[in-house]
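Under numbering that gives the first Met the number 0, residues 0 to 146 are what the sequence shown spells out, in order.
Rather than coming from a laboratory, the hints here were simulated on the basis of the structure. No false leads were slipped in.
No farther apart than 35 angstroms at their CA atoms in a straight line, the calculated lysine-lysine pairs in the DSBU-like style are these:
hint, residue 1, residue 2
1, K57, K43
2, K83, K57
3, K83, K43
4, K43, K121
Here are the simulated distance ranges between beta carbons:
hint, residue 1, residue 2, range
5, L133, N6, 42 to 48 angstroms
6, A117, S71, 39 to 45 angstroms
7, K121, S71, 44 to 50 angstroms
Don't be surprised by glycine CBs; every beta carbon is placed ideally from N, CA and C.
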Amino acid sequence: MTQETLNDAELRDLRALAGLMIPASGTYGVPGADDELIFAEIVKNLERDMADARTALKQLAGLSGGSFAALSLERRAEVAANFKQEGGAPLFALNRVVLLCYYRDDRVMRSLGQEPRAPFPKGHVVEQGDWSLLDPVRQRAPMWRRV
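Put together the whole structure using the sequences plus the hints.
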């Protein structure tokens with residue numbers, strides 16, 4: 000079985016978009032989503048979202064008038080802002096893959112003060128929040144039909 004992959008132009012545009020979505024930060028000492036290791040993980044994890052990724056990248060190329068990666072940084076930001084408004088479900092799927100892979104990176108987890116490991120079986124301590132914020136939801140009438 001051959002695994003479907005993106006072509007070179009799509010990879011360049013995706014890398015440029017990922018770097019714009021999550022840029023590197025010297026302040027926090029973290030790489031951007033266009034970092035070589037993180038980007039390789041993004042491409043590897045597109046599997047079930049490949050069709051959406053292709054659709055999103057095609058939309059991005061259309062908004063760019065060609066290659067998104069070839070645009071200046073200022074123009075990329077303008078096109079990305081339009082893409083954010085028009086991208087819909089394909090962009091949402093692409094965004095999900097980028098975020099999941101980014102926050103899986105050990106360097107990013109360490110910068111957040113987290114031990115770079117799976118959350119289970121040890122788990123992570125989560126501070127308790129203000130549960131009263133859910134009161135309006137609890138007071139709503141049911142949104143489902145009783146059978």
